[in-house]
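Whenever a hint applies, use it, and build me the whole structure from the sequences.
Heads up, the sequence shown is in my numbering, so the first residue is 1 and it goes up one at a time.
Since the hints were made in silico from the structure, they are not lab data. This structure is a prediction, so every number in the text was calculated from the model and none was measured. Worth double-checking, as some hints may not be accurate.
Claimed, not checked - Ranges of calculated distance between the beta carbons of each label pair, as one might list FRET restraints:
| id | residue 1 | residue 2 | range |
| --- | --- | --- | --- |
| 1 | W41 | R142 | 32 to 40 Å |
| 2 | K146 | R105 | 28 to 36 Å |
| 3 | E21 | P44 | 27 to 35 Å |
| 4 | D65 | G102 | 23 to 31 Å |
| 5 | K63 | V17 | 28 to 36 Å |
| 6 | S43 | P123 | 22 to 30 Å |
| 7 | T37 | K146 | 17 to 25 Å |
| 8 | E77 | D139 | 21 to 29 Å |
| 9 | T134 | R38 | 18 to 26 Å |
| 10 | Y66 | D3 | 15 to 23 Å |
Ideal placement from N, C-alpha and C gives every residue a C-beta, glycine not left out.
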Amino acid sequence: MKDVEVRVEAVIDAPRVKVAEYVADPDTAPEWYENITRAEWRSPKPLRVGSRIGFTANFLGKKLDYTYEITEFIPDEKLVMEAVESPMAMQTTYLWQDAGVGKTRMVLINRGKQSKYFGFLSPLMMIAMRRAMTKNLKDLRRILEKKV
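So, in structure tokens, the structure goes:
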């Protein structure tokens with residue numbers, strides 16, 4: 001199986017605490033995450049290490065149901081989630097850094113190993129992931145800059 005890693009980032013004209021608070025709330029994922037159509041808590045709120053969230057997404061024409069578990073959470077700095085029930089072993093990381101007064105650099109990283117399910121799509125998958133992730137950050141920026 002081939003390792004996959006896609007990293008994108010954007011500067012958002014909103015304070016880091018606001019960006020991190022919004023992004024770290026799984027309930028907002030369908031608003032800014034292009035492929036996610038549903039998020040469902042599978043453990044009690046609030047978000048913490050060990051929390052599990054189920055997502056439904058459409059990716060490359062396929063409906064995917066998967067569950068992420070929070071493996072690292074430093075409020076306003078870092079959130080790491082790993083797929084525990086998924087057709088593809090993935091890890092998603094969000095990083096938030098100050099980027100000037102009232103601005104936040106948001107870094108989004110998806111990494112993992114391709115499974116048989118997606119293995120034959122390696123180059124297409126990387127392109128599609130980068131395109132979707134870039135759009136996600138653009139949408140996130142648009143949403144959050146309206147709220148500030």
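Hint-by-hint comparison with the structure:
no.: 1; hint: W41 x R142: 32 to 40 Å; result: violated (26 Å)
no.: 2; hint: K146 x R105: 28 to 36 Å; result: violated (19 Å)
no.: 3; hint: E21 x P44: 27 to 35 Å; result: violated (19 Å)
no.: 4; hint: D65 x G102: 23 to 31 Å; result: violated (38 Å)
no.: 5; hint: K63 x V17: 28 to 36 Å; result: holds (35 Å)
no.: 6; hint: S43 x P123: 22 to 30 Å; result: violated (36 Å)
no.: 7; hint: T37 x K146: 17 to 25 Å; result: holds (22 Å)
no.: 8; hint: E77 x D139: 21 to 29 Å; result: holds (22 Å)
no.: 9; hint: T134 x R38: 18 to 26 Å; result: holds (22 Å)
no.: 10; hint: Y66 x D3: 15 to 23 Å; result: holds (19 Å)
In summary, the structure is inconsistent with hints 1, 2, 3, 4 and 6 from the numbered list given earlier, while agreeing with the others.
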